[in-house]
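Full structure from sequences and hints, please.
Heads up: the sequence lines are chains Z and H, in that order. So the mapping is simple: this note's numbering equals the position in the first sequence, first residue as 1, plus 21. So the mapping is simple: this note's numbering equals the position in the second sequence, first residue as 1, plus 18.
Just so you know, these hints were derived from the structure itself, not from any lab. Here the structure is a predicted model, which means the values were calculated and not measured. Beta carbons are placed, not taken as given, at the ideal position from N, Cα and C, and that holds for glycine. A couple of the hints might just be wrong.
What the hints assert, rightly or not - Chain Z regions said to be covered by chain H (calculated; three or more residues, Cβ under 8 Å): (1) 91-101; (2) 201-215; (3) 258-266; (4) 396-406; (5) 415-422.
To be verified - A short list of chain Z residues far from chain H (calculated; beta carbon distances all over 12 Å): (6) Val51; (7) Ile57; (8) Ser61; (9) Pro105; (10) Ala175; (11) Tyr177; (12) Thr184; (13) Ala197; (14) Pro241; (15) Phe252; (16) Arg304; (17) Val379.
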Amino acid sequence: MRWAALIVAAALVLGGCAERRDSAGPVTLVFKHAKILGPSDPLPGLLREFERRHPGVTVRSEPLTWTSDEQHQFYVINLEGASPTFDVLMLDVIWVPEFAQAGWLLDLSPWVTREELAPHFPAAVAAATWGGRVWGLPWNMNVGVVYYRADLLAKYGLAAPRTWEELAAQAQRIRAGERDGRLDGVLWQGKQYEGLVCNVLEHFWGEGTVLLGDDGRVLPHVDRAEEALTFMRGLIERGVSPGWVTAGDEELTRRPFGDGRAVFLRSWPYALDLFEAADSPVRGRVGIAALPGHAGAAVGAGTTGGFHLAVNRRTRYQEAAVELVRYLAGEPAERALTAAGVALYPTRMALYHEPEIVRLRPHMPRFHDLMLAARPRPVTPYYLMLSTTVQPEFSAALVAVKTPRQALEHARHRLEYMLGGIR
Amino acid sequence: MTGRQRADRLAGLAFVAPAALTLAALALYPGLWVLWLSLQQRIPIFGIARFVGLDHYAFLATDPRFWNAARVTVVFTGVSVALELVLGLAVALALERQRRGRRLALSLLLLAWALPSVVTAKLFEWLYHPSAGLVNLLLGRPLNWLGDPALALPGLIAADVWRTMPFVALLCFARLVTIPPEVYEAARVDGAGRWATLAWITLPLLRSILLVALLFRTLDALRAFDLMYVLTGGGPANTTETLTVYAYRSLFQTLQLGFGSAIGVVIFALVMAVAAGYLRALRREGLAA
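Shown next, in the form of structure tokens:
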């Protein structure tokens, strides 16, 4: 008797876990996305509007933690487990080729034409396509930029720097003139994490080289890459950047600059909204410059980032899911990203010159130009393998555990070994 | 065996069955699956799934990054557990002597231990802040705690000691208050001084509880992940990358499911070996069956 009761109870518990869903009848789409930071979240309003336009479709929005690593982990576990528990997902641009190659994303090519992608920034489109197919729609945009203290540069009669060498000299000159021990020169992200790769890539580009060549070769010009790393190390050794940038991430570097304690900061557009906040000590005193190049080498470019929208290949509601993605990447929805209190930047270029948006955010046209000139990180399915392999090596060069040459040789050796059997 | 005994036995098995089945489903099955994965090269993004036998283990044997991670794990575990035991014991002894404010001290201790480790990590991020951090303010020197290869691991160890020392302190304290005062009186009558009492009465009586604390803390420290993950990301230059961080990076960041599982199996073997050693010691103490 007792046995039977136990078995029945167990069956009830197990049966209750497996939720039944029929494809007929009302459709419920589950949308997994990064938690939207900032005072105002545009998503709920957009999703309700979508539901209003598509009777019978309900969208359940399920935010993930905002740490990029944790989102990636969640997706990997659930998509590899072929779980259809969500239909639409928001993903970091660097994951798109990887997820596409893994067969986790629905190929959007039958629905989305090239013309539909044309209004988005080229760097965003490049990151959404892989192997000639479209795997995601661009949603928001990020770009590496240099902030400078316009008031300080003006005081010393300096114009925004065009090369890193010029930038370092300006920082030193202003620090010498100000005689303020608490004023740092250049802040950037040197912690061993993804942000470091963005910073190093920008120096590589400024030296006219890349991490991954078009022919698939890793570090095709080691000499120029060495120059770049040596320069970054030199910023610390010469005191242009404080030693702690080797542990610095976005927020750790954003705060001192926001408190008026640094001349230059390499960061992302979100920081400007905070610098221009009503209680900010540097309000109205911050200039935006493009990432400089290196003297005698190449023009600089910022790294792009941002989030794309894609459809789980295992979804039971392909049509509705694709419809939702196209709606969120559409003009009216992306316009909502520019509303007051939303700290996101759209991927649609035209929005950056709309008079009513520019009135609210006067810096939009400037960001437009920087985003247009920006470059994506290597668009490849094995980007994360590439990135996590070079992170410790770049870090080792910055903290002088290895010489830049050694670090690069080690990175190349390891990458060639790891990727050798794959390509 | 009488019919009554047999019925009791059956009922006993029936009551154990759900727990045993749950354990098998939750621990044994995934464990075996990870072991099986570790014998394969499996990288879903490249459509690679093939049996490679012990190749991953052979690669690990010559992988400098693996040996670095193993060294970091052992140093982190050894130093932080040793400090936690010594400090925890000292705090417990101090608490026992203290009459006034004991409750408050106990709650403060619990607070440090009860904080989620990510919160602790964030807290230390600010304490170690290069320019505004309390630690550098007190030291009067702008040390680069989390960005200097020589300071990052000690910095993490200090955070771990702060977080888990209370656990050891509370365990020891709980044992201390159960030592009957007569024992101490007897020692005093025999002419034992303060140090002699500590060395010959208190410490021997605390031995078994210290072993239990050591077991818990060592196993925890060997699997340490969150502090380094949040504070340093394994950097700078991998000086704080433990085996668990290496396994995580391989598994979830670069999706080398087979290779990452192999590191996981090594961690599991390490933890099991240490646990077995402790359990033997505990058995000698007559604490474990």
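Now for the hints, and whether the structure bears them out:
Restraint check on the region 91-101 of chain Z versus chain H: 5 residues with Cβ-Cβ distances below 8 Å, three needed, restraint holds. For the region 201-215 of chain Z, the proposed coverage by chain H is satisfied: 5 residues have a C-beta within less than 8 Å of a C-beta in that chain, meeting the threshold of three. Chain H is given as covering the region 258-266 of chain Z, and this holds because 4 residues of the stretch bring a CB closer than 8 Å to a CB of that chain, at least three being needed. Given a C-beta distance limit of less than 8 Å, the hint that chain H covers the region 396-406 of chain Z holds, as 4 residues qualify and 3 suffice.
Coverage of the region 415-422 of chain Z by chain H holds [criterion: at least 3 residues with CB-CB distance below 8 Å; count 5]. The non-interface label for Val51 of chain Z is consistent with chain H: the shortest C-beta to C-beta separation is roughly 22 Å, beyond 12 Å. For Ile57 of chain Z, the shortest C-beta to C-beta distance to chain H comes to about 20 Å, beyond the 12 Å cut-off, and the non-interface label holds. Interface exclusion of Ser61 of chain Z from chain H stands, the closest Cβ pair being 24 Å apart, more than 12 Å.
Against the 12 Å criterion, Pro105 of chain Z stays outside the reach of chain H, whose nearest CB is about 17 Å from its own CB. Chain H leaves Ala175 of chain Z outside its interface by the beta-carbon criterion, the shortest separation being 26 Å against a cut-off of 12 Å. Under the 12 Å C-beta cut-off, the non-interface status given to Tyr177 of chain Z relative to chain H holds; the minimum distance is some 24 Å. Distance to chain H confirms Thr184 of chain Z as a non-interface residue, since its nearest Cβ pair spans about 26 Å, more than 12 Å.
Residue-level check passed: Ala197 of chain Z sits 19 Å from the nearest beta carbon of chain H, beyond 12 Å. Listed as outside the interface, Pro241 of chain Z is consistent with that label: its C-beta sits roughly 22 Å from the nearest C-beta of chain H, beyond the 12 Å cut-off. The claim that Phe252 of chain Z is not at the interface with chain H holds, since no C-beta of that chain comes within 12 Å of its own (minimum 18 Å). Against chain H, the non-interface label of Arg304 of chain Z holds: every CB pair exceeds 12 Å, the least being about 21 Å.
Distance check on Val379 of chain Z: its Cβ is at least 36 Å (rounded) from any Cβ of chain H, clearing the 12 Å threshold; non-interface status holds.
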